[in-house]
Amino acid sequence: MAQLATHTDTQQHPIRLYLVVWGWLFILSLCSYLVDFFGLVGYLRWSLILIFMALKAGLIIAVFMHMAWERLALSYAILVPPLVLLVFVGIMVFESNYTLFTRLAFFVAGS
Amino acid sequence: MNEVAPDTLNPKIGRAPGWQGIVADWSSDQRAFENVSWGKAMMWIFLLSDTFIFGTFLISYMTGRMSTTVPWPNPSEVFALEIGGHHLPLILIAIMTFVLISSSGTMAMAVNFAYRRDRKKTAILMLLTAVLGAAFVGMQAFEWSKLIAEGVRPWGNPWGAEQFGSSFFMITGFHGTHVTIGVIFLIIVARKVWRGDFDDGRRGFFTSRRGHYEIVEITGLYWHFVDLVWVFIFALFYLW
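Same order as they appear, the protein sequences are chains A and B.
Reading the first sequence from the start, the letters are residues 73 to 183 in the working numbering.
Reading the second sequence from the start, the letters are residues 107 to 346 in the working numbering.
Same shape as in the complex, but just chain B (with noise of 0.2 Å):
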C-alpha cells in the first residue's frame, strides 16, 4: 500500500557512486532512472526537448546576425528607458531580469517547503512566484508595444538588420508563452496545496496519490528552466 522506493526494499539496488554508478545504471535493464519518478523524469525529457526548440531558436538567430551584411540595431540602446529625466540603457531588460530571477528563488523555497509539507507556506511561495511572473509577463507586453509603436515588424524595424524584428518576437515571444503557461501552471497547483489535496488524496491531475508533493517539484523544474531560458536569452540577445 505505502510507496516505497525500490532502493529500500532492495537495498543491494543502491546508488553506486562515480562512473561505476553510470555503468551500473545504464547497463542493467529498467534502473537507469530506478529512484527517480516517471512525473520527474517525464518533465525533464520535456525540459530537453524544449532545449533543443530554444537552441534552434538562438542558433538561427545567431546565424542571421553574424551572416548580414547591415549593421545590427544596438540593443542596449533599443531597449533603453527614460526615468525620471536620466537616458537608461537596457534597464526594462534588467529589471525583467532580476524579477524572474527573484521569482526562481521564491520557487526553490516553496519546493523545500512543500517537502517538509508546510502547506501555507508553499502555497503562499507559488502565488508569490506567480506574481512575479505574471509582472515579467506584463512588462514583456509593455516592450512589445513599445517596440512596435517604434515601428518594429517581423520584416523590418528603423535602426538596421531586418532580421533584428523576426528573432526579436520569435525568441521572446516563445519564451513569454513559456512563462504565461507556467503562471497557470503555478496557480493550479498553489490551490491544490493550499486546499490540502495532496493529505486527504482529491481525485484530480496528481492529487491522487495521498502525501505526495512531488508535483510541487516538478512544477518548480518547468519554472526554473523558463528562468534558465532567460540567461541565456538575456546574455545573447541584449547583450550581444
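Chain A with its partners taken away, still in its complex shape (with noise of 0.2 Å):
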C-alpha cells in the first residue's frame, strides 16, 4: 500500500482533465488540417501550423505524459537537449540555403 501513498500525491487527477485535453487535442488538429483546407499561405501557414504543433506537443508532454508534475531537474533533464535541436535546425537551415544558392548559380542558370 505504500506505492499507493507514494503515488497519490503526483498521480491522482480526476479523468475530466484527460478529456478536456483530448477535446482540446481535437480542436488543434482539427484546426491544423483547416489551415490546409483553406489553402493558408505564407508567413500566415506557416505560423499556425507551428503554434498548433507546439501547443499539441505540449498538452501531450505536459498533462498525458506527466511532466507538469515531475521534479524540475528531471523535467529539465529531459527538455533542454531537445530544445538544443533548434540550434542544428537553424545550423542546417543556413546550409540548406547555401546549397541551392549555389546549385541554382552553377546548375540551373548555367546549364
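One thing to keep in mind: the hints can contain errors.
As the list claims (entries may be wrong) - Here are the simulated lysine to any residue pairs, SDA-like style, with alpha carbons at most 20 Å apart:
| # | chain 1 | residue 1 | chain 2 | residue 2 |
| --- | --- | --- | --- | --- |
| 1 | B | K252 | B | A240 |
| 2 | B | K226 | A | I87 |
| 3 | B | K252 | B | L194 |
| 4 | B | K146 | B | R223 |
| 5 | B | K252 | B | G191 |
| 6 | B | K146 | A | L91 |
| 7 | B | K252 | B | N180 |
| 8 | B | K146 | A | A140 |
| 9 | B | K227 | A | P86 |
| 10 | B | K252 | A | V152 |
| 11 | B | K146 | A | H138 |
| 12 | B | K252 | B | E183 |
| 13 | B | K252 | B | G279 |
| 14 | B | K146 | B | A240 |
| 15 | B | K146 | A | L146 |
| 16 | B | K252 | B | G190 |
| 17 | B | K146 | A | H85 |
| 18 | B | K252 | B | I197 |
| 19 | B | K146 | B | K252 |
| 20 | B | K252 | B | G262 |
| 21 | B | K227 | A | P153 |
| 22 | B | K146 | A | R88 |
| 23 | B | K146 | A | W94 |
| 24 | B | K226 | A | W141 |
| 25 | B | K252 | B | L234 |
| 26 | B | K146 | B | G279 |
| 27 | B | K227 | A | M139 |
| 28 | B | K227 | B | D306 |
| 29 | B | K227 | A | R88 |
| 30 | B | K227 | A | R175 |
| 31 | B | K226 | A | P86 |
| 32 | B | K252 | B | H318 |
| 33 | B | K146 | A | V107 |
| 34 | B | K146 | A | L144 |
| 35 | B | K146 | A | V152 |
| 36 | B | K146 | A | I133 |
| 37 | B | K227 | A | L91 |
| 38 | B | K226 | B | T162 |
It is worth saying that the hints were derived from the structure and are not from the lab.
With the hints as a guide, bring the two chains together.
Here it is in C-alpha cells:
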C-alpha cells in the first residue's frame, strides 16, 4: 500500500482533466487540418502550423506524460536536449540555403 | 519489505521548489532522480535518444527539401482521397491523426485507472488503445500501398523532387514501426493487468514487485511519445 501512498500526490487526477486535454488536442488538430483545407499560404500558414504543433506537443508532454508534475531536475534534463536540436535546425537552414544558392548559380543558370 | 519512496523515509530530502530544487537535485550525489523509479527514468532516457533519431530524420528531410531546385510534390494533393465523389485533400492523414490522438486519450485514462487499481478498466482502455494503434498502422499500410502503386519509390516519384520518396518512407516507416512495437507492448501489459499479475506478484517481466502498476505509466510514456512524434510529422511533413 506504500506504493499507492507515494503516488497519490502526483498521479491522481480527475478523469475529466484527461478528457478536456483530449478535446483540446482534437480541436487543435482540426485547426491544423483547416489551415490546409482553406489553402492558407505564406507566413500566416507557417505561424499557424507551428503554433498548433507546439500547443499540441505541450499538452501531450505536460499532461499525458505527467511532465507538469515531475520534479524540475528531471523535466529540464529531458526538455533541454531537444531544445538544443533547434540550434541544429538553424545550422541546417543556413546550410541548405547555401546549397540551393550554389545549385541555382552553377547548375540551373549555367546549363 | 514494503517499498517506500526515499523521501518518505527521510523527510529532509523533500522536493524543493524552483531553482533551489534544481540546484539541490543536481549538486548532490545520487539525488537527481530521487523519487523517479529506474523504470521511468530509463524510459525517458530511451525516449530522449529516440527524439534525436526522429530529429535527425526530420532535419535531413528539411535539408533535402530546402536545397533541391526541383519543386516538391504537394502533400495536400498526394494524400488526397476521393470519398463519395468528393475530392478531399489530406483527408487520410487527418483521420490518422484523430485516431492516434484518441489512442493517446484512452492511454492517459488507462494510466489513471491503473493507479486507482481498477484492473478491468485499465486493461480495457489499454486494449482500446492497441486497437486504435493497429487501425493507424492499417491506414498507413493502405497509404503506402497506394503511393507505391502510383509509382513512388525511395529514388523517385511521378510529381517532382526525388527526395520525397526516401523522406516519406524513412520517416513514416520508422514511426509506423514504433506504433507497431507499441501495440505489441500494450497487448502484453494489458494481459498482465487483466490477469492480476501486478497484484499477486506473479514472476515475469515487470511483475515481480507486488502492487506496482508503474509499468502502465511507462507503457503510456512510450505511447504518448509515438503520438507526440506524429504531431511533428503531421505539421512538418504533411502540412508544409
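Verification of the hints:
| no. | hint | verdict |
| --- | --- | --- |
| 1 | B/K252 to B/A240 | holds, 18 Å |
| 2 | B/K226 to A/I87 | holds, 16 Å |
| 3 | B/K252 to B/L194 | holds, 16 Å |
| 4 | B/K146 to B/R223 | holds, 19 Å |
| 5 | B/K252 to B/G191 | holds, 18 Å |
| 6 | B/K146 to A/L91 | violated, 24 Å |
| 7 | B/K252 to B/N180 | holds, 16 Å |
| 8 | B/K146 to A/A140 | holds, 15 Å |
| 9 | B/K227 to A/P86 | holds, 15 Å |
| 10 | B/K252 to A/V152 | violated, 39 Å |
| 11 | B/K146 to A/H138 | holds, 11 Å |
| 12 | B/K252 to B/E183 | holds, 13 Å |
| 13 | B/K252 to B/G279 | holds, 15 Å |
| 14 | B/K146 to B/A240 | violated, 25 Å |
| 15 | B/K146 to A/L146 | holds, 11 Å |
| 16 | B/K252 to B/G190 | holds, 18 Å |
| 17 | B/K146 to A/H85 | holds, 19 Å |
| 18 | B/K252 to B/I197 | holds, 14 Å |
| 19 | B/K146 to B/K252 | violated, 39 Å |
| 20 | B/K252 to B/G262 | holds, 15 Å |
| 21 | B/K227 to A/P153 | violated, 36 Å |
| 22 | B/K146 to A/R88 | violated, 25 Å |
| 23 | B/K146 to A/W94 | violated, 23 Å |
| 24 | B/K226 to A/W141 | violated, 26 Å |
| 25 | B/K252 to B/L234 | violated, 27 Å |
| 26 | B/K146 to B/G279 | violated, 26 Å |
| 27 | B/K227 to A/M139 | violated, 24 Å |
| 28 | B/K227 to B/D306 | holds, 18 Å |
| 29 | B/K227 to A/R88 | holds, 16 Å |
| 30 | B/K227 to A/R175 | violated, 59 Å |
| 31 | B/K226 to A/P86 | holds, 18 Å |
| 32 | B/K252 to B/H318 | violated, 45 Å |
| 33 | B/K146 to A/V107 | violated, 37 Å |
| 34 | B/K146 to A/L144 | holds, 15 Å |
| 35 | B/K146 to A/V152 | holds, 18 Å |
| 36 | B/K146 to A/I133 | holds, 14 Å |
| 37 | B/K227 to A/L91 | holds, 16 Å |
| 38 | B/K226 to B/T162 | violated, 40 Å |
Checked against the numbered hints above, the structure violates hints 6, 10, 14, 19, 21, 22, 23, 24, 25, 26, 27, 30, 32, 33, 38; every other hint is satisfied.
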